[in-house]
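S.K.: So the chains spell out like this:
Number of protein chains: 2
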Amino acid sequence: MFKKVLVADDLGSINLGVLTIAKNLGLNNVERVEYCDDAYLRIKKGLLDNDPYDLLITDLSFKEDHRTQKYPSGEDLIKVLRKETPNLKIVVYSIEDRLQKVRRLISQYNINAYVCKGRKGLEELSKAVEEVYEDRFFISEQVSHALSNKTTLDIDDFDVLLLRNLASGKSQEEISLDFKQKNITPSSLSSIEKRLNKLKIQFSASNTIHLVAIGKDIGLI
Amino acid sequence: MFKKVLVADDLGSINLGVLTIAKNLGLNNVERVEYCDDAYLRIKKGLLDNDPYDLLITDLSFKEDHRTQKYPSGEDLIKVLRKETPNLKIVVYSIEDRLQKVRRLISQYNINAYVCKGRKGLEELSKAVEEVYEDRFFISEQVSHALSNKTTLDIDDFDVLLLRNLASGKSQEEISLDFKQKNITPSSLSSIEKRLNKLKIQFSASNTIHLVAIGKDIGLI
DNA sequence: AACTTCATTACGGTTTCCCGGAATCGCTTA
DNA sequence: TAAGCGATTCCGGGAAACCGTAATGAAGTT
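First to last, the protein sequences are chains A and B. Residue numbers for the first sequence follow the UniProt record's numbering, so the first one is 1 and each next one is one higher. Residue numbers for the second sequence follow the UniProt record's numbering, so the first one is 1 and each next one is one higher.
Source of the hints: derived by calculation from the structure; they are not laboratory data. Some clues are possibly wrong.
Any copy, or any two copies together, can satisfy a pair, since identical chains are not distinguished.
Straight-line C-alpha distance at most 25 Å; calculated PhoX-like pairs for lysine-lysine [stated by the list, open to error]:
1. K79 <-> K89
2. K44 <-> K63
3. K170 <-> K200
4. K127 <-> K63
5. K120 <-> K70
6. K101 <-> K198
7. K170 <-> K194
8. K101 <-> K63
9. K216 <-> K101
10. K216 <-> K170
11. K63 <-> K120
12. K180 <-> K194
13. K216 <-> K200
Bear in mind that the values here come from a model prediction, so they are computed numbers and not experimental data.
With the hints as extra help, turn the sequences into a complete structure.
M.R.: Written as structure tokens, this is what we have:
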């Protein structure tokens, strides 16, 4: 089994549960941290000491508090670790079950498992660790269709950027000017209108407000 | 101390943590459920058996699964319990730290404590139980300004209804007609415009899309 | 009854958004 | 080189939203 495991989660009681199942799996070298920055430092230190971690189990959202963090979220942590320590296995253990978010995480950072916190969360996590140890990918039943479902697969970064800009209060014309300045194409007002129209059809949104609201609900923005 | 306590939370590991601190507090009659409906039934049964619970510790959000629920969220549970068993002490233990949501919960259902899940969550929960036992109100430091801060206090149900309607894709005119039908006043298009304008000023939103996005972010809708 | 006050409603002009058609550009293929 | 095709851009008319102002209505006050 894994020789050295790190668990990152800011809720003490979650950690407790994870430690319990870890023990059942025969993992006897498990450490826990409550901040992503701590996780990063430990993992780097492990490398320097020639005693690297071989598994990270991490949450996605960490509460902010007085400590300012370089990596405020699990996603930030994963991003940097995937670059610097590509051999480390990463299991995400999060409450997040919105398909778009899960989909982006899996495709962008190519994590080894995605487990949803929930009633069966610990069981699934246990299974996930075993699967990942065998070099297989694991995903919770609950969000497994994040991979297969094609319905919203043809939404690219431009669409997301557009919706984010709208949600932040910019008018379509302002966005157009902004894109022109930043050399983002397409940038014409007409193109923006057309893109929004496409999105509205895809999500059956009746107007732009509705579209942005849906985008927020499904975790797209 | 409390004689009979019920803990409602769908995450097993959270429950584990809560049970631990309960033991430390000298609570030796603590039960746990993973669904709000189960919580409701147990509490009602306690009443019938003349052996009522005197404390409920509950989460707010419960994941949906195959079991269809009459009370899908903690808020639904609290709502009905406050009517039917006003003597029961209720402690909310949730990850939710958005002020508007906390504020509404406290003012509408007059719960006995609000504790944020987080790094210090269990300690605070322990403190909360003690305070509530002494008939005092408890709220986590993190969201304590939900009570004092007046900035958004003059937002009423009408405003929320309006924003919800917008987020669901209705045009202002459609909302006006809908309000007229349902005898909700004010209902004229002009009034709706005015109200939206007031909200935009309060939240420094530059347009309606922005306003709805902010409303979603802060948990107003 | 006349007056004040405040919320609601009505209205008109301006801006933004919405939507379709047509022209242009860039790339591929014949 | 020409033709074809999709993406982008330009344009124009109509709808919805935006914004200020005026009219109406329902209290309570003098």
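S.K.: Hints first: check each against the structure and report whether it holds.
M.R.: Each hint, compared with the structure:
In this assembly of identical chains, K79 and K89 lie within 25 Å of each other by CA distance solely inside one copy; the values are 13 Å within and 44 Å between copies. Within a single copy, K44 and K63 get their C-alpha atoms as close as 23 Å, which meets the 25 Å cut-off; across copies the closest is 36 Å, which misses it. Both within a single protomer and between protomers do K170 and K200 lie at most 25 Å apart by alpha-carbon distance, with minima of 18 Å and 14 Å respectively. In this homomeric assembly, K127 and K63 come within 25 Å of each other (Cα to Cα) only across copies, at 20 Å, whereas the closest approach inside a single copy is 27 Å.
In the homo-oligomer, the alpha carbons of K120 and K70 lie at most 25 Å apart only across protomers (21 Å), although the nearest pairing inside one protomer, at 32 Å, exceeds that limit. For the identical chains of this complex, K101 and K198 are intra-copy neighbours only, at 20 Å inside a copy versus 34 Å across copies, given an alpha-carbon limit of 25 Å. Both within a single protomer and between protomers do K170 and K194 lie at most 25 Å apart by alpha-carbon distance, with minima of 17 Å and 21 Å respectively. Proximity of K101 and K63 under a CA criterion of 25 Å is satisfied in both settings, with 18 Å inside one chain copy and 17 Å between copies.
Both within a single protomer and between protomers do K216 and K101 lie at most 25 Å apart by alpha-carbon distance, with minima of 11 Å and 17 Å respectively. Taking the shortest Cα distances, K216 and K170 sit within 25 Å of each other both inside one copy (16 Å) and across copies (17 Å). Within a single copy, K63 and K120 get their C-alpha atoms as close as 24 Å, and across copies as close as 11 Å, so both meet the 25 Å cut-off. Within a single copy, K180 and K194 get their C-alpha atoms as close as 17 Å, which meets the 25 Å cut-off; across copies the closest is 34 Å, which misses it.
For a Cα distance limit of 25 Å, the shortest separation of K216 from K200 qualifies both inside one copy, at 14 Å, and across copies, at 19 Å.
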